[in-house]
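Hey, can you work out the whole structure from these sequences and the hints?
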Amino acid sequence: MAKIQSSMTGTVWKVLVRPGDQVEAGQEVVILESMKMEIPIQSDYTGVVKDVKVEEGSFVSDGDVLVELAD
Amino acid sequence: MAIQKVLVANRGEIASRIIRTCQARGIKTVSVYSEADQELPFVEQADESVCIGPPPVAKSYLQMDAIIGAAQETGADAIHPGYGLLSENAEFAQKVIDAGLTWIGPAPAVIALMGDKVMARKTMQKAGVPTVPGTDQIQNVEEAIHAAEQIGFPVMIKASAGGGGIGMHVCHTAEELNKIFSSVQTRARSYFGDDTLFMEKWIGKSRHVEVQIIADSQGHVLHLFERECSVQRRNQKVIEESLSPSIRPETRKRLHDAAMRAAQAVQYTGAGTVEFLVGPDDVFYFLEMNTRLQVEHPVTECITGLDLVSLQLDIACGQPLPFKQEEIQSKGHAIEFRIYAEDPIRFMPAPGKITRFRFPDGKGIRVDAGVKEGNTVSPFYDPLIAKCIVSGCNRQEVIEKSKDALQAFEVEGIQTNIPALLRVLEEPQFVKGHYHTQLLDEMRQR
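Chains E and Y supply the protein sequences, listed in that same order.
Sequence positions in the first sequence follow the UniProt record's numbering and run 1 to 71.
Sequence positions in the second sequence follow the UniProt record's numbering and run 1 to 446.
It is possible that part of the hints are untrue.
Derived lysine-lysine pairs resembling DSS-like cross-links, with alpha carbons at most 27 Å apart [claimed, not checked]:
hint	chain 1	residue 1	chain 2	residue 2
1	E	K36	Y	K324
2	Y	K372	E	K36
3	E	K36	Y	K59
4	Y	K59	E	K53
5	E	K36	Y	K253
6	Y	K324	Y	K253
7	Y	K353	E	K36
8	Y	K126	Y	K59
9	E	K14	Y	K372
10	E	K14	Y	K363
Calculated from the structure, these hints are not laboratory results.
So, in structure tokens, the structure goes:
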């Protein structure tokens with residue numbers, strides 16, 4: 001199962017996908033906010049969203065799983 | 001009426017900087033801090049400190065009532081807002097005044113007027129201060145495209161309530177404008193609580209030069225020369241210097257006059273900054289007025305020998321300025337380097353624990369630091385951890401001294417932009433003093 005992870009510490013500003021959505025590799029799935037900057041997190045894979053592990057306002061660390069894709 | 005005790009409604013390096021002047025003048029200080037900041041130097045430097053909430057700014061540093069409550073609880077009689085956070089919030093300024101406290105800043109009505117970028121443009125046009133060709137507020141994307149075609153692409157689309165480089169976007173074509181309009185609007189709403197947008201013509205190879213103003217409540221408005229702030233990333237300043245190495249002497253005089261006219265037009269009081277865009281031909285336009293102390297105020301202090309925070313305190317007490325324009329001189333040159341906790345290539349945030357932090361000192365080197373060894377740089381706030389201000393007889397000397405100063409920083413545990421600052425010092429355009437706001441982008445693309 002493919003996992004999309006956070007690349008840094010920050011707060012989730014926007015979640016752009018929902019379970020069941022089709023995502024393409026390179027598509028932005030979550031926008032984090034860290035140190036007054038918006039940091040878009042892209043999916044490295046193409047697939048269907050199985051689960052969104054965070055919600056807007058969640059605090060995440062580097063490496064935390066944000067979104068899981070179904071196989 | 002003299003101020004006895006100042007509450008500093010800010011954090012990090014600027015809180016420490018304000019406390020330093022208060023202490024030198026025998027004024028007591030109070031820090032307010034969030035749970036993420038309790039180990040930072042500004043908390044222990046103050047005579048008293050009050051925790052005002054959890055880490056996110058909305059729950060602590062933007063909590064107006066908690067801050068005013070802390071002032072009342074500790075018996076502070078004045079509030080200094082620093083920069084950012086609530087410093088340009090007219091509602092907060094009014095609440096401070098209504099609570100019977102002294103607000104160290106201009107009148108709330110002036111803050112509100114200058115905070116509305118569309119209104120500020122109109123006010124400046126009336127006062128005869130040139131503004132960038134642009135629009136009033138724009139309602140929708142069709143109107144935006146029509147207006148952009150009139151002004152001519154490229155255009156900069158901006159949030160009327162914006163600032164700090166956030167909420168602006170350059171568009172080169174109608175297609176691009178169409179694509180991003182709603183996202184700029186959404187961002188303006190979520191960052192500033194107001195989605196009013198306007199547009200200005202985008203001028204390439206331009207410089208960002210600002211004039212420091214100081215005005216008392218007797219109506220005296222003086223300038224403290226200009227600062228060149230064109231070394232930027234993401235529309236945020238990285239290096240500032242005074243005087244500007246690039247503007248012509250006749251432009252300098254006209255720039256200072258325009259800034260004083262801008263301040264007079266709104267009956268400004270206190271320290272303020274009028275920002276201008278200067279085109280390749282030295283034609284300049286009003287961008288905005290910052291109704292507060294600036295991050296880069298130390299370069300002005302270095303070349304004039306003045307303490308701007310001390311002047312702010314006197315003006316807030318109703319004292320007239322103790323000098324006339326002709327008594328203020330600029331001596332030598334000063335450059336400020338902002339040390340950010342970020343990676344030095346892509347300038348992405350790099351929070352973390354600072355395991356080692358040593359900085360240079362010596363003649364002509366001033367470091368305003370907001371952290372000490374062992375502190376953690378949290379992701380909740382601006383990445384600025386320190387400012388290194390280097391001054392000397394002339395620009396060339398300052399550039400050479402700056403290389404040594406920056407190399408003498410020892411920061412471990414987090415990444416900083418110091419390597420990027422050192423690269424700028426080797427960049428021929430910077431060394432010659434002929435650079436514009438795209439310098440860092442151009443360097444990165446090479």
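> Taking each numbered hint in turn, which are not upheld by the structure, reported in ascending numerical order?
Replying inline: Per hint list: 1, 5, 8, 9 and 10 violated.
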